[in-house]
Amino acid sequence: MASHPLWQLTITRFREFLREPEAVFWVFAFPVLLACALGLAFRSQGPPEVLAGVLAGPAAAGMEQTLATGGGMRVRTLDRPQADVALRHGAIHVLVIPGDPVTYEFDPSRPESRVARYVIDERVQAAAGREPAVRAADRPVTVAGSRYIDWVVPGLLGMNIMGTGMWGVAFSVVQARVRKLLKRLMATPMLRSHYLLSHMLSRLLFLVLEVTALLGFARLVFGIPMNGSLFTLAGFCLLGAVTFSGLGLLVASRAKTVEGVSGLMNLVMVPMWIFSGVFFASENFPDAMQPFISLLPLTALNEALRGVMIDGAGVTALVTQAAILLTWTLLSFTAALRMFRWR
Amino acid sequence: MSAAEPALRCRGLVKRYGDVVAVDGLELEVHRGECFGLLGPNGAGKTTTIEILEGLLSPDAGDVQVLGMRWEHDASRLRQRLGIQLQETQLSDKLSVEEVLRLFRSFYSQGPAVDELIASVGLDTKRTAWYSKLSGGQKQRLAIACALTGDPDLLFLDEPTTGLDPQSRRQVWDLLRGLKQQGRTILVTTHYMDEAHAICDRVAIVDQGKVIAQGTPTELIASLGAEHVVAFALRDGVELPAEAALLRLPGVRRASLHDGGGTLIVSHLHEALPALLRAVQAPDPFSLLTTHSATLEDVFMSLTGRQLREE
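Chains A and B, in that order, give the protein sequences. Those letters in the first sequence? Residues 1 to 343, per the working numbering, in order. Those letters in the second sequence? Residues 1 to 311, per the working numbering, in order.
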């Protein structure tokens with residue numbers, strides 16, 4: 001076993017990777033840091049506060065008192081120029097001008113301003129003695145998996161599987177070609193299939209580590225949900241890794257320089273970062289583009305990962321995504337093997 | 001393979017790159033157990049030839065037999081029995097000597113243990129050192145160790161000492177002599193005539209894709225018909241004697257003239273030198289006058305009229 005060429009090639013790839021500190025950072029630390037940053041930016045902390053402004057004047061103090069009663073609202077008294085700036089910057093949602101009638105100034109295109117207008121009006125009316133016509137009670141419910149961080153972590157996982165899969169294979173293949181190491185290996189009895197397989201196998205070793213690192217972190221720190229089976233999730237991670245190794249191999253199959261392969265790599269990856277729903281839903285793009293977007297391998301992988309983690313979907317619900325990934329795998333490997341330049 | 005069969009034979013080898021003919025009908029025969037040198041200037045077609053013999057390039061025409069086998073039919077069997085060092089391979093920077101050899105060893109069905117290989121090229125103190133930390137000579141010895149991992153019958157070494165300092169070159173030579181003593185056949189390319197003389201049993205001088213002379217280094221030098229070389233240059237204004245006049249001088253076998261000077265190949269230095277001094281009728285005429293024993297460099301020059309290495 002220890003002297004089998006496939007094992008030796010795999011362990012060699014593994015060593016080369018671990019001895020490259022930058023590579024270790026981009027594969028393991030970067031996605032965790034990114035998840036961390038996104039989690040902080042979009043953390044949920046109860047219902048959002050209403051930011052109200054009161055225009056300075058004789059009745060301002062009374063109005064400020066009325067609005068502040070009950071909490072959940074930040075109230076400031078502002079003069080006209082200050083109020084204009086604050087409205088423009090979104091530092092206040094609504095400007096209240098006391099008088100008869102009480103006037104609410106706000107930009108109706110901002111959803112939070114429209115909500116704030118009704119919350120403020122409610123307090124103003126209640127303070128004036130209005131009784132509710134119908135008794136109502138609130139029961140706040142937090143649905144697991146509805147937060148942004150729950151949605152973005154599977155996307156980050158998909159993006160990471162794509163990035164490491166493509167870079168891991170393409171970079172080392174092209175470097176071996178540039179250094180004439182590929183040619184030297186061709187001068188030994190080494191089997192070409194062993195060389196290519198070793199890249200896949202070492203990818204799988206890394207995959208276990210990087211998926212564990214990112215998901216473990218996101219689970220511990222943000223408590224992201226895992227509603228489906230871990231087995232199905234592992235299966236899709238594996239399929240994704242194989243798909244993107246194939247694409248990496250294809251991109252590297254003829255490139256003669258590291259710069260050349262970097263360019264090709266960006267050509268393939270950047271569109272998928274944008275279209276495949278990593279940071280924002282791909283439904284934001286026009287309907288006409290949707291059929292193409294849904295055929296991209298990262299779209300399929302992200303849909304599958306979100307399906308398993310958030311919706312608890314099983315394999316049967318994700319057959320389409322699995323089929324898209326398998327098709328990409330077959331096409332890219334076939335093309336890569338046909339085009340591969342061994343010298 | 002019978003004992004009489006050559007380790008390597010090629011006939012009418014041709015390789016073209018576009019309009020450029022890199023190898024032009026080259027013929028070679030390497031006997032078992034000898035160290036055979038392909039000597040020639042850069043661009044003579046040595047590397048193309050050796051890569052065809054190694055099965056890494058296919059020729060446009062010609063016939064190649066290695067260890068009695070052919071690349072078309074027996075590639076995988078041949079690969080197990082050949083040891084190859086390429087001119088410009090860079091191994092992975094961040095792998096140790098031991099890890100590199102363990103990897104290469106895994107490709108061969110038989111061969112020495114990794115420890116033995118490390119000892120045989122004298123890298124014991126460097127076994128855990130990364131490739132990037134090795135000196136040029138140590139890298140080259142590791143490359144040779146990689147070529148030895150399958151205990152090969154036939155070794156191909158492409159310019160194994162190019163770019164090395166004199167001490168490292170000698171270490172590589174010692175290593176190659178040791179390998180020859182183990183009965184291995186070695187085909188080595190070089191553009192250093194002293195290297196060919198030091199390690200090769202037989203040499204083929206290659207120029208413009210053809211073998212232009214072949215034999216033992218001693219035979220090739222003897223083919224000059226004399227064993228001393230006189231090189232001279234004259235001061236400005238001193239008239240150069242005619243080539244025919246120089247050839248008539250006692251002990252001179254060959255003469256070639258160039259701008260303001262010339263080279264004589266002579267058999268009896270004690271006769272030729274005074275005669276040359278007499279032939280040039282001027283007070284203090286020489287800006288340069290040196291003599292040396294004839295080398296393969298002189299053989300190349302007398303065959304092509306050019307220097308082996310343009311410096």
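Everything labelled a hint here was simulated from the structure, so no lab data went into it. For every residue, glycine included, the Cβ atom is placed at its ideal position computed from N, Cα and C. Take these hints with a grain of salt, some might be off.
[To be verified] Now the stretches of chain A that chain B is said to cover, found in silico as 3 or more residues with beta-carbon under 8 Å:
1. 4-10
2. 13-26
3. 257-267
We went through each hint and held it up to the structure:
1. Restraint check on the segment 4-10 of chain A versus chain B: 5 residues with Cβ-Cβ distances below 8 Å, three needed, restraint holds.
2. As drawn, the segment 13-26 of chain A meets chain B at 4 residues by the rule of a beta-carbon pair under 8 Å; at three or more, the given contact holds.
3. Evaluation of the coverage hint for the segment 257-267 of chain A: breached, as 0 residues show C-beta separations to chain B shorter than 8 Å, against a requirement of three.
Hint 3 from the list above is the single one not met by this structure.
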